[in-house]
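Chemist: The chain contents come next:
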Amino acid sequence: MDRIPILKMGECLLVSIQVDMDDDLALALRDSLTSRIVQDKARGVLIDISSLDIVDSFIGRMLANIAAMAKILDAQTVLVGMRPSVAMTLVELGLSLPGIQTALNVDRGLKLLHCSPQGESSAAKHH
Amino acid sequence: MKSGLREERITALGGVKLVEECDIVTARQRARQLSELVGLQTGNQARVATAISELARNAFQYGHGGRIDFGIDLSAAPQVLWADVVDRGPGIANLQAILDGQYESATGMGIGLTGTRRLMDYFEARSQPGSGTHVRIGKTIPYPARRLTAQDAAAIREGFLKLEPVTTHEELARQVRELAYALEALKAREADLEARSQELHRLNVELDETNRGVVALYAELDEKAAALRQADEMKSRILWHVSHEFRTPVGSILALSHLLRRGTDGPLTDEQDKQIGFIAQAASELAAMVNDLLDLARVDAGRSEVKKSPVKVGPFLGSVRGLMRPLLTHENVALIFEEVDEGLVVETDETKLGQIVRNLISNALKFTERGEVRVSCRPSPDNDAVEFTVADTGIGIAPENLDRVFEEFAQVEHPIQRQVKGTGLGLPLSRKLAKLLGGELEVRSELGVGSTFVLSLPLGERAKKHGQPVVLVIDDEEASRYLADQLFRESKVRVVQASDGGVGAELARFERPALILLDLIMPGRSGFEILDELKANPDTASIPVVIYTSMNLTASDFERLGGHCAAILPKLGSHRTPAFQAMRRILKDPELFKDEPEFAEVANA
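Respectively, the protein sequence lines represent chains A and B.
Counting from 1, one number per residue, gives the positions in the first sequence under my numbering.
Counting from 1, one number per residue, gives the positions in the second sequence under my numbering.
Pairwise CB distance ranges (calculated):
| id | chain 1 | residue 1 | chain 2 | residue 2 | range |
| --- | --- | --- | --- | --- | --- |
| 1 | B | Pro90 | A | Asp24 | 20 to 26 Å |
| 2 | B | Gly130 | A | Gly94 | 28 to 34 Å |
| 3 | A | Lys8 | B | Gly130 | 48 to 54 Å |
| 4 | A | Ala87 | B | Pro90 | 34 to 40 Å |
| 5 | A | Lys8 | B | Pro90 | 44 to 50 Å |
| 6 | A | Ser51 | B | Glu190 | 35 to 41 Å |
| 7 | B | Leu207 | A | Asp24 | 50 to 56 Å |
| 8 | B | Gln151 | A | Val91 | 34 to 40 Å |
| 9 | A | Val91 | B | Pro90 | 28 to 34 Å |
| 10 | A | Lys8 | B | Glu36 | 36 to 42 Å |
| 11 | A | Ser51 | B | Ala188 | 33 to 39 Å |
Note that these hints are calculated values from the structure, not bench results.
All residues carry an ideal CB built from backbone N, CA and C; glycine is no exception.
Turn these sequences into a full structure, and let the hints guide you.
Modeler: The following block contains the structure:
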């Protein structure tokens, strides 16, 4: 409960957020993800938020921050699996998530990142 | 913002307290659940939950916590879900500016409030600096499946109350933290244990090494001790052989020089006689030394036999005195033998005792230039031993040398030392002999004043009778006295003998015997006279007297005895039992005479 798992897939890191994060957990995710990017020399980060009902301004900002930091560390971030209601809410909130790429699902996200093909099977789990 | 809203139209649905950060998550989840329950569609559920999340974070971050209360306006058409978010913070100073979008917040607070207003249908915010902020938001419920009733509201409220308490997450987090902490502590303890174990192992290894060292040391010591023993044995053996081989040629020299001096092969000139005399003297000194060495070696090798017999100290010292007189060459030195208790007897080897005492005296004479050498003997204070003392007024021995004088061939540096002849074997030999006899030879001395050597010897079983009850035998015949002595050989009694009546009466006064055996027929004064004398003297009157006779007493004899005798003991014959019994009583020894044949018969009968 205290940690969001970060999986390594080839040159990419896969983060699947399965719980409603509180602010501390979101900050912890940001910190551990940036250090894992360096540690694993990752080229891309895939963040799956398909389980989230709600993305408020704080979480949204945190995701944008992660993407910005990853970019500085030479890694591309793709946000996948956003629910329509979350997308609507984010837009209405006025949060446009600048500098963050999105994809409909993990499959497309991996293609976007040109990640290794073994991601195929792993991506299937999420659908 | 629509007006006309009245508090009393709102039915409460439940609330959430905002105390900790995780309460934000709880609040938005409750908001989403409520939205679903009141019939809001998915998009609107997300909107309400997000709006509540924003407001809750504001209340928590800027307002130091607060609470959220949900309610529903059942009477409105369409019905409206309401939420009041109240905090106790410092309030928002530029609220209007923020709401107008003129304020850019670095922390995102602007987005929070303006975004919330965009998400909700109703939005009302009041803030007074110092008294906190109150935000009320509302969301109409479009196209509901059916309008909610008061019962529905109550059911929702009840369900809301039953939801898991907020603290679960917190509790879980706490437990996780505690577990992590415990794990950490466990790791630390493990590391500590590991360190200790390593230390223990190190110590063990060290101890092992030390142990090996100790064992090796012991082995070495054993070896050394064995080597020492071997060397000592070899020394004794060599000493023995050499001395033995020396004796024959020295004996030849002595015998031949005597032969020459006797003039058997023609007379010698005076000069030749003198020279041969010197040769003989040197040879006899050499012989003495060889004899000493031989004795020492014999004792060391355990070949010296001890032949114990009772030695009467008085006569023994008398003969020593005769032997030592020729050694007395200094006019300024007197050799004094103190008087010795006549009855003093020690059971020991007379030859060896003589050797020791002669050694001590000749030693004392050697180192005494003026004054005296005093020889004495007396029982030890506890009556267990006799002490022979040889005290001189000679050069004395320094304290640091007291032990050295007993070492073989050791002689202490002193001007006199060089003048006197000696092998340095006398004292060591004496001490070894004393040990052999079960005794001790000790020395005490003061430099320039003199030395005192004390030889203490155990009295021995038979000699111990000294100090025990005395039986006085007065008889002129030696055989009779011997027989009487034999009667008491197994007892603790000491027998004192007198060969005539006069001496007997004197001894009776002196010794105060427990019993007197008195012969009747003696040359000079008869037993009858002596009995009368004993009974007349108050010192001896109470001593029981047993008549010890070979004659058959007549009635007149009994008359002459006058009832003064305790019993009649015939020297021969079979009527001795009454006398034995009487003597048993007198000497208070029930074991007495139990081996006498005549007595045993009666006792068994």
